[in-house]
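Quick note on my numbering: the sequence shown kicks off at 1 and runs consecutively.
For the record, the hints were derived by calculation from the structure and aren't laboratory data.
Fair warning: there could be bad hints in the mix.
Pairwise CB distance ranges, derived in the manner of DEER restraints [claimed, not checked]: (1) E365 - E150: 37 to 45 Å; (2) N252 - M1: 45 to 53 Å; (3) D346 - E150: 46 to 54 Å; (4) G336 - E216: 32 to 40 Å; (5) N115 - R352: 25 to 33 Å; (6) D339 - K201: 49 to 57 Å; (7) P127 - N248: 24 to 32 Å; (8) D339 - D37: 39 to 47 Å; (9) G167 - K212: 39 to 47 Å; (10) G134 - A197: 27 to 35 Å; (11) N35 - A197: 36 to 44 Å.
For lysine-lysine, the following DSBU-like pairs were computed, each having C-alpha atoms within a straight-line distance of at most 35 Å [what the hints assert, rightly or not]: (12) K88 - K50; (13) K275 - K50; (14) K332 - K361; (15) K215 - K131; (16) K92 - K154; (17) K53 - K334; (18) K212 - K154; (19) K373 - K96; (20) K334 - K6; (21) K361 - K88; (22) K96 - K215; (23) K332 - K273; (24) K131 - K281; (25) K88 - K275; (26) K88 - K154.
Just so it is clear, CB atoms sit at the ideal spot from N, CA and C, and this is done for glycine as well.
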Amino acid sequence: MNNKYKSLFEPLVLPNGVELRNRFVLAPLTHISSNDDGTISDVEIPYIEKRSKDVGLAINAASNVNDVGKAFPGQPSVAHDSDIEGLKELAKAMKKNGAKAIVQIHHGGAQALPNLTPQGDVVAPSPITLKSFGQQEPHEAREMTSDEIEQTIKDFGEATRRVIEAGFDGVEIHGANHYLIHQFVSPYYNRRNDVWADNLKFPMSVIEEVVKAKKEYANDDFIVGYRLSPEEAESPGISMEITEQLINQIANQPLDYIHISLMDVNSETRDGKYKGENRLKLIHHWINGRMPLIGIGSIFTPEDALNAIDNVGVELVALGREILLDYDFVGKIKNGQEDEIISEYDPNREDRHELPPNLWKQFDEGFYPLPRKDK
1 MNNKYKSLFE PLVLPNGVEL RNRFVLAPLT HISSNDDGTI SDVEIPYIEK RSKDVGLAIN
61 AASNVNDVGK AFPGQPSVAH DSDIEGLKEL AKAMKKNGAK AIVQIHHGGA QALPNLTPQG
121 DVVAPSPITL KSFGQQEPHE AREMTSDEIE QTIKDFGEAT RRVIEAGFDG VEIHGANHYL
181 IHQFVSPYYN RRNDVWADNL KFPMSVIEEV VKAKKEYAND DFIVGYRLSP EEAESPGISM
241 EITEQLINQI ANQPLDYIHI SLMDVNSETR DGKYKGENRL KLIHHWINGR MPLIGIGSIF
301 TPEDALNAID NVGVELVALG REILLDYDFV GKIKNGQEDE IISEYDPNRE DRHELPPNLW
361 KQFDEGFYPL PRKDK
């Protein structure tokens, strides 16, 4: 290994005492490859095993905690006890080579797809019409009742129990990317006039329920993380000032990391008193050492990863599109083979980048922005 990449391979101890072997994280990637009923499919096991083998922390795709929260075709489910057997196989594959294995627990909220939910029902903090994953036409989401909100919070706890029973090392609460928890935080989505109008009440309630499930069913070394999106383009939407309040609340909880969803680790704040400042540097300052920060976004080379750790200052760097292009990205850096890293999509590769068929098709059709050899 080139000595300049040494900091990427230093171990990190989480607040609960668990040691990660390096600073690389497999991001929770939407692979649209589970069975139609949400159980784990044969094609996703080898896919996730390859991409977990060298990282310190591996996070599986967003997994719906109840049926009305399903937001993707081929989305893995943690909504039923019948899901557990398949999840056990997934956990074994992700942990096989030494990574800590995490399930991202998720509810689509307004972004759920009517063709995938019971009776086409879609729920949200407040009524809204929008287009979601792959949709050509918008759909409507209705306002959740108070009872439904309370049940959904319990569903996150029950999903955590299933993840524990399946043998995973932890969960990541998905509070990012315009899904349900994010929607409660956002004034664009949350226009309620009851107790749930408090934009921090729902995420804090979910955290409390998940931590309660951990205490009841798992050991202290079970990892609990939280993912969020720091700023919205919508107006009025989530601002960095709102995110500052959220970070200060989350960082005081018994969690093990905060994960920021971005397209670029170097992105800057759009508006407000923090305009023009690096988002991740700001958030790292607000956390103030209380727990590690995971950064993600446009990491396609070893130098990009090194910049995230050494210059932006995050403790952990998540790999998304790049580890889909080259599942051996981390191993090649470790073995001094960084000149062999694949950082462009090549539609003519016979191995199709070792991607499941449905995910390869999305890459080929340009669904995700990424460097391409054919452009």
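Here's how the hints hold up against the structure:
1. E365 - E150: 37 to 45 Å: 40 Å, holds
2. N252 - M1: 45 to 53 Å: Roughly 38 Å apart at Cβ, these two residues miss the hinted range, so it is violated.
3. D346 - E150: 46 to 54 Å: 49 Å, holds
4. G336 - E216: 32 to 40 Å: At 46 Å between Cβs, range violated.
5. N115 - R352: 25 to 33 Å: At 27 Å between Cβs, range holds.
6. D339 - K201: 49 to 57 Å: The hinted range 49 to 57 Å holds for D339 and K201, with Cβ atoms some 51 Å apart.
7. P127 - N248: 24 to 32 Å: 31 Å, holds
8. D339 - D37: 39 to 47 Å: 44 Å, holds
9. G167 - K212: 39 to 47 Å: For G167 and K212 the Cβ distance comes to about 20 Å; the hint is violated.
10. G134 - A197: 27 to 35 Å: 31 Å, holds
11. N35 - A197: 36 to 44 Å: Distance hint for N35, A197 holds at roughly 38 Å.
12. K88 - K50: Holds, because 17 Å separates the two Cα atoms, which is no more than 35 Å.
13. K275 - K50: 40 Å, violated
14. K332 - K361: Roughly 26 Å separates the two Cα atoms, so the pair holds.
15. K215 - K131: 38 Å, violated
16. K92 - K154: With a Cα-Cα distance of about 27 Å, the restraint between K92 and K154 holds, given a limit of 35 Å.
17. K53 - K334: 13 Å, holds
18. K212 - K154: 10 Å, holds
19. K373 - K96: Answer holds: K373 to K96 is near 33 Å, not above 35 Å.
20. K334 - K6: With a Cα-Cα distance of about 9 Å, the restraint between K334 and K6 holds, given a limit of 35 Å.
21. K361 - K88: 28 Å, holds
22. K96 - K215: Holds: K96 and K215 sit about 26 Å apart, inside 35 Å.
23. K332 - K273: This hinted pair is violated, its Cα atoms lying about 42 Å apart.
24. K131 - K281: Holds. K131 to K281 sits at ~32 Å (cutoff 35 Å).
25. K88 - K275: Outside the cut-off at roughly 45 Å; violated.
26. K88 - K154: 22 Å, holds
When held up to the earlier numbered hints, the structure conflicts with 2, 4, 9, 13, 15, 23, 25 and fits the remainder.
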